[in-house]
Amino acid sequence: MNLSNLIVYVVDDDAAMRESTASLLASRGYQVQLFDSGETFLAQADIRRCGVVILDRHMGPAALTGDQVFDELKRQASPLVVLFLSGHGNIAVAVDVTKRGAFNWLEKTLTGADQLLEATAAALVQAASIGDMQQARQKAAKLWDTLTPREMEVAREMRHGTRTKLIARKLVCGARAVETHRLRIRDKLNVGNPAELDRFMRDNDL
Amino acid sequence: MLNPTAGPSGAPVPTSARLSLTWIVVLLAMVLLVAWAGQWSARRESAFQADALRRSIDVYALGLRGEAAKFVYLPFTVAQHPDVIAALASPGDTAMRQRANRYLEDVNRRAGSDALYVLDTRGNTLIASNWNQPLTFVGQNYGNRPYFIDAVSGGSGHFYGIGRTTGEPGLFLSAPLRSGTSIVGVVAVKVSLLEIQQTWGKVRDPVMLADARGIFFLGSVPSWMYQSTRAVDATERARIAQHATYGPRDNFPVLPWDVERTEAEPGYLLATKVDGIARRFMALDESLPNLGWTLTVMADYGPVTAARNRTWTVGALIAGLLLLGTMYWRLRERRYAEQRVARQELELRVEDRTRELGQAHSFRKAMEDSLLVGMRARDLKGKILYVNPAFCEMTGYRADELVGKSPPYIYWHPDDLKKHRRESDAVLAGNAAPTGFESRLRHRDGHDVYTMVYTAPLIDHNGEHSGWMSSVVDISEQKMAELRQRKDSEKLQHMQRLASLGELAATLAHELGQPLMALNNFAGAAKANASQGRLALLAGNLDDVAAQAKRAGDIVRSTQVWARPHLRGAESCDLNDIVTSVLAMVGAEIRHHQVRVSTRLDLAQPCVSGVRILLEQVLVNLVLNSLQAMQVVAVELRELEISTDRQDDTVRISVADRGPGVAADVMARVFDPYFTTKPEGTGLGLNICRRIVVENHQGALEFENRPDGGAVFVLVLKSAQ
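These protein sequences, in sequence, are chains A and B.
Going by the numbering used here, the residue at position 50 of the first sequence is 50; the numbering climbs one at a time, nothing skipped.
Going by the numbering used here, the residue at position 561 of the second sequence is 1561; the numbering climbs one at a time, nothing skipped.
In short, the hints are calculated from the structure, not lab data.
C-beta: ideal position from N, C-alpha, C; glycine also.
Take the hints with a grain of salt, since some may be wrong.
[Claimed, not checked] Now the in silico label distances, taken between C-beta atoms and shown as ranges:
hint, chain 1, residue 1, chain 2, residue 2, range
1, B, Glu1589, A, Ala26, 35 to 43 Å
2, B, Gln1532, A, Thr146, 46 to 54 Å
3, B, Gln1532, A, Asn5, 20 to 28 Å
4, B, Val1716, A, Gln68, 43 to 51 Å
Kindly generate the complete structure, drawing on both the sequences and the hints.
Written as structure tokens, this is what we have:
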């Protein structure tokens, strides 16, 4: 996936932080969008698309914290890759954040421009791969949708290596019909054997 | 038994009803007893009387018989005399008759009889003792008289009647005069019974003699004479007339007697009138068969009635006395019972009270003994009435060494005697400060004891003010701590500064993080722009870099000032400007607390020499305190007034609120370090403010409560001029 298509979102309540980050990333040719709070970000950004969020953990006393925004993204199963920024912190915070699925964590005082760029680039690569995976899945889903309901049933039995006779008995139909379904499935999904079919289905969450 | 109070179903009789029933029964029994006693006494008396009657009737009968018997032989004797026989045999012989007359006269005189006379067989009187008297019997015929009839037929006669010749009653006794075997005459003697009647008349009670027909012919009651106890029929009346027994009388009315007989008794009761007076008698009859008479003796029944009445009276008296006695006894018993119950109750109450008192006492004692606060009670003149163990412990003297003493007390500190005297007088005059006062005592072993004394009036059980009760709190520890703290003041301040520095370090990291990272970012952007020749962007990046660097610098500078304020030089500060910017800083807080703000910035030349950021800090602190103080009052009352003004060569910022003000008991400690009234306060805010004002600006931080509510804090600074 082309990295230049991906957007980097910067969510920070401090204007200088937003501006400087935007300047830095723009000077490297990234697409940047700025948000001064978690609320506006969640409301306005397209969080269903792939991309990278640079998220400040502390944003004003009454506003949503970075953690809350992150939790909301996870709740909505957003594919966005999250890069946390923190004013100060320690190992425990870092472990906690990454454990919960954040891509990386940077401490403001200790982070130079190069490090920020590096981390952003890595996050973009991750986002691109997530985007690729998303595209592949969409493709597989389309293929899967070409199957008839009966073929889907047969495929679900087939992936476990169940023999034709057993499938026929289970689905109460003739062995020959099952045989036909198997051939159709092989052609439509372009899988050679039950093991390949099983991998295809598992990878694409079918 | 008739029981009017018992219910138809036989329900138990109520106690009071049963009691009155008992009383009625007892009363009835007593009445019966008394009545019986009366009757008994009457019977006894009447028995006595009956006895007496029997005795007297015997006497009377004996007398009567004697009188009759005395003369009964006289006619026989006279009939034997030869002269009499001779005279009768020859009635014509006058001499013989004269001799017989004389003889009879002589005998009659000697015998004491009334008359003695001899009759022939036809009833003519031939010889009589009263031959020479005018009313002589000689020549009279008495042939119709019963005594003649009886004698002439051979028996002896006796007859009572009224003399035909004399008209006087008498007893006639007769005997036949025999010559050989034939009866030739009758000798009769008349005996007067008037003497006996006279004797009876002397007796108080009536004695009456009745003939066989029941007619009284002799007796002591004249009005009853010739009256009958029973009806006399015509035949009898005829015979009486024939015999001329009672002279010419032929009517014998029945006496108006009311007779009452009892079977067993020989006597009987009779009620009648004697001389117009109603009387009751007990009577006894005795028949005299020889004479054919009946003797009736009576006794007045009055004594019997009197005896009964007397017994009744005495009995009633005794019964009454008994009743009264019983009632009195019962009353007394009841009173005793009540008194006993009352006494027991009283004893119980006393016991309870004693126990309660004991408990209260032991409770109080335990409480007093466990108190760490010294207690001292004094009378109105200052004499010590009581001290508790804590007070003794505090002063080192025993209770018996203190009680009864008057000022100056032994534990007064010798250096503070005047102060002690003044405070003691104030307390005794009732002018003690309600917040208490500090007092330095001298312990017995010589060390000083710092105390806080609170005094309240002592009210006795009558509600009268009898003295003063003081609680004495040992504050030596605090006092020592204060002294130590004052000594170590410099050190403490330094420590505090270090502490604040440490606190600041943490926030500093956060504060500085932002500009530093922004700086980095801008630098990174600048580098990229420079390498790609985008000069306009590069210039902007560099401006940004400079701005962020300044921002970081400002933060660091303010922190340096904070940590070491005295190192920073003063600048010229506009107080009005400071107020405006502080209000902007705490705007959010003000809105949050819903407080109205009014400012009066009157300073024409509002400048002072000072460290702006520190003065801002002080003002922020004061404003925040005011906002918090007003949390407890109604929203419409919350008003914050900030004003600046000038006085002589000082300028002042006043921060006035409408909160509850500063409580009297904390006034002295408002600026003490670590003293706070807020649950989460550190107790350093006002302390630091004052240090900033006093130490860094040679000014003053003052406060007072506003007369119409709230507190005002005033920051006083030297004017720049």
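Index of numbered hints that the structure contradicts, given in increasing order: none
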